[in-house]
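**Student:** Each chain, letter by letter, is given below.
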Amino acid sequence: MDLGLGRAELDACVTCALCLPHCPTYRVTGFDTHSPRGRIALMRAVQDQGAPLTTEIVESFDTCVQCRGCETACPSGVPFGRLMESTRERMVEAGYKPPVRIRAALRVLDHHKALQAGSSVLSLAQRLHLTPSSLSVPKRLPLRRPAMQKSGDDVHLFTGCVMDAWQRDVHVAVKQVIETCGFGVAPTGPGTACCGALHSHAGLGDAARTQARQVIAALDDDRPVLVDSAGCGAAMKDYGRLVGSSEAVAFSERVFDVHEWAADHIDGLPSVEPLDLRVAVQDPCHLRHVQKSHMSVRTVLTPFVRELVELDDDGLCCGAGGAYSVLQPELASSIRDRKTAAITNVSPDLVVSANPGCSLHLQQAGHEVLHPMELVARALRGVQAD
Amino acid sequence: MTVSRAPSGHHGAVARRKFRKTNTDRCVADLVAAIGADRVRADGASRLLASTDASIFVGGHAGPVCFPESTAQVQACVRVAAAHRRPVVARGAGSGLTGGAAPLGSAVVVSTTRMNQILEVDVDNRVAWVEPGVINLDLSNHLEDLGLHFAPDPSSQQVCTIGGNVANNSGGPHCLAYGVTSAHVLAIEVVLSDGEVVMLGGLDAEPGGYDLRGAFVGSEGMLGIATRVAVRLTRNPRSIRTLLLSFGDVESAAETVGAVIASGLVPAAIEMMDKRCVAAVEDFVHAGYPRDAEAVLLVEVDGLPGGVELQAQRVEEIANRFGADVRVASDPEERALWWKGRKSAFGAIARIKPDYYLHDTVVPRSKLVEVLRSIYEIIDRHGLLVLNVFHAGDGNLHPIIAYDSREPGVSEKVREAGREIIEVSLAAGGVLSGEHGIGVEKRDFMPLMFSDSDLDHQARLRAAFDELCVMNPGKVLPSPHSCSDIASLNDAGEDLWG
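Chains as they are written, first to last, in this note's numbering: chain G, 1 to 386; chain C, 1001 to 1498.
Think of the hints as simulated: they come from the structure by calculation, not from any bench. A couple of the hints might just be wrong.
[Unchecked claim] DSSO-like mimics (lysine-lysine), calculated; alpha carbons at most 30 Å apart, straight line: (1) K292/G x K1340/C; (2) K1367/C x K1275/C; (3) K1413/C x K1353/C; (4) K113/G x K150/G; (5) K1413/C x K292/G; (6) K1367/C x K292/G; (7) K1367/C x K1340/C; (8) K1275/C x K1340/C; (9) K1275/C x K1353/C.
[As the list claims (entries may be wrong)] Covered, in the sense of this in silico footprint (three residues per stretch, anywhere, with C-beta under 8 Å from a C-beta of chain C), are these stretches of chain G: (10) 56 to 67; (11) 283 to 296.
Glycine included, C-beta positions come from ideal geometry on N, C-alpha and C.
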């Protein structure tokens, strides 16, 4: 079966195995079928040698978190993320569709108002103790969301789907920090409902491209687009390849992770009393392994907290992976156990993560997790209160 | 944790294996009964992946793959295999370079990836008991706060396992000063082919009897399966200095190696990379390796601060005599980046060609220049491409022939060039393998180095441990010295996707 994989991209793997320890699923199961090298070998078997898509091969592909830690580890530069996205897209075309509930959930992401309304209903239900505890949403969804007024036209702040519904506090904090730097912020709002990252990961390529075109069309100017969700930022920086138009390429070049942008404008922030906290930095994979801008989180956060501590797990995934923790709950939780051990090891006061999915996944394991910008904003507010 | 099935109803159409009551099915059923269903994978995908390692050898054929979590479960796997007259092959990370872990004859594969616990660290005696699936670098990272490490550091140390290190008597850059795996393994708990558990070696300074531990280290899985290993821990050096020497020609680099050792210095490591290799790794690590140099040496000296300073100066003086440009790593980050480049060399080859074949011969240091010249000459004559990256201080060569196996006739040329490289190395007084093992890839070269009588004695030692020759058969010893019929092992057995 043709998985749409380029010869040169497949050939880039010389099966050296250096990716194995950087793969979260291989780390927890020890199965070669759960390793990047193994998955590539199975892609070759399916595409080049006519192997059938057996249950186990489908499982091998399905269990990939798409964290892309293997890309950072690969000396040959295998574009694993692209291989896996293409594989999943062809599998969907061949009838191996994601579960109905996931497809339904992804459809809601495209509809900003419906998502916000649904989220409020869910929040009310939580307050009335009507929701099962196993539901993969924050324990206490916001009933009301603080309004976000446009303060200028210097930069766009991409607000997105789930994050805008569940974690608008983060957007508010980010907006405050950018404004303190001296820039006017235009929140993108309902016009850019969803970046399409989750669709893309699930193999729903057409839906992802539709989302991408919508976002590009809605932000049709030359101002920077700042993103405070690592997963969305990674996807939007890849629009050029996904959509393939010169317009999309130009758009991708305007996309910045908010820390990346803030690190370049940190001189605009006042010197304030650092928060008296020992903070562990959890790098979202799509910030560290895809955007490779994780160091800017440290640059931005260092002046505002007493102590930053690193985890000793070499950037291994936490198991959140967008919808992964819903699709593969057992694996996601085993992977998270390793992250929990790494966090416990450094006994921080709290953890920061620049991706909503990671925050949520880690919060569900009992960690206190904030977005880095929430801490910066808190420190800045301390000054204003004095 | 059970992850052997995707959640039910996840995908509409799934291909299901036709159920046939074969010998394999009965063997699988017994393995499942012995160690549990979630520790046995007998599907085509798992078997396909367990049939290879990181070498170019593709003739492996795996039977059921087992993931035991204890010595008792390894015993159980071996006993079930014996009952079904199946060979047994132990597998770590599958990062080997000679097909050593590639099973022949539809063997039962015993993967050690789930036996990955560091059981005990005795700081006072500097000994750790570990399971065989512990990753080499994980062990050293675990010991970092104690100021200790496991000295053998193969380039694949971020993935290779202690069990694999024991099987291949692995080396690594720092083995120049610290010695290879054999010098760092004190005792090994082994499951023999009949399921008996024995302890080889011991923690005493001089364990009684023959040194069976010494026989086991480097035996490539043919004597038994290691289930617990007592490793010696080495103190981290107080001070380290890492030098990057760039040369205008390969000969000067090789002569510098000889001169450094001849001066009485024993650096912790002396590694060489030639120009092509530098280009490939620099594209990956961006460590500031000089792309215009014909060869670079990575030299590390360690010990007490004063002595390290002096040694580094001595190395620099000698290098200057051979026209080297010398840089010293300015901080631990730069040092780490240089080493990352060196240790990623094999994997970075795909930036040049999709396939590689490498040899692992060791030659006397005094013959380095001559042998290197011959290697380049052999490669040119065959119209091939070679990258040289190796443990220069030990004279342990790793010529990597990079090629594309789809080009007609090229594989034959690569094999022929490989053979010539071995012949040149042996003629210079060298040996067939420094640290990667013989496996199946270099098995048929053994008679170039050993007489019939040598090989017979090796076969007899093997038979003393494993009378029926069921542990990793068909490896190391060529026919007719191997007690199994290698030809019969090559029969493919059942269809993977049947």
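**Student:** None of the hints should be skipped; say for each whether it holds.
**Tutor:** Here's how the hints hold up against the structure:
1. At most 30 Å may separate the alpha-carbon atoms for a hinted pair to count; K292/G and K1340/C meet this at roughly 18 Å.
2. Using a Cα cut-off of 30 Å, the hinted pair K1367/C and K1275/C holds, with the two alpha carbons roughly 21 Å apart.
3. Taken as a hint, the K1413/C and K1353/C pair is honoured in the structure, with Cα atoms around 15 Å apart against an allowance of 30 Å.
4. Taking the CA atoms of K113/G and K150/G, the gap is near 19 Å; set against the 30 Å cutoff, the hint holds.
5. Between K1413/C and K292/G the CA atoms are separated by roughly 41 Å; this puts the pair beyond 30 Å, and the hint is violated.
6. For the proposed pair K1367/C and K292/G, the alpha carbon gap of about 45 Å is over 30 Å, so the pair is violated.
7. Restraint check: the Cα-Cα separation between K1367/C and K1340/C comes to about 28 Å, which is no more than 30 Å; the hinted pair holds.
8. Using a Cα cut-off of 30 Å, the hinted pair K1275/C and K1340/C holds, with the two alpha carbons roughly 17 Å apart.
9. A C-alpha spacing of about 16 Å is found between K1275/C and K1353/C, which places the hinted pair at or below 30 Å, so the restraint holds.
10. A stretch counts as covered by a chain when three or more of its residues have a beta carbon under 8 Å from one of that chain; for the segment 56 to 67 of chain G and chain C the count is 7, and the coverage holds.
11. Requiring three or more residues with a Cβ within less than 8 Å of a Cβ of chain C, the coverage given for the segment 283 to 296 of chain G is violated, as only 0 such residues are present.
Violated hints, in rising order: 5, 6 and 11; the structure is consistent with all others.
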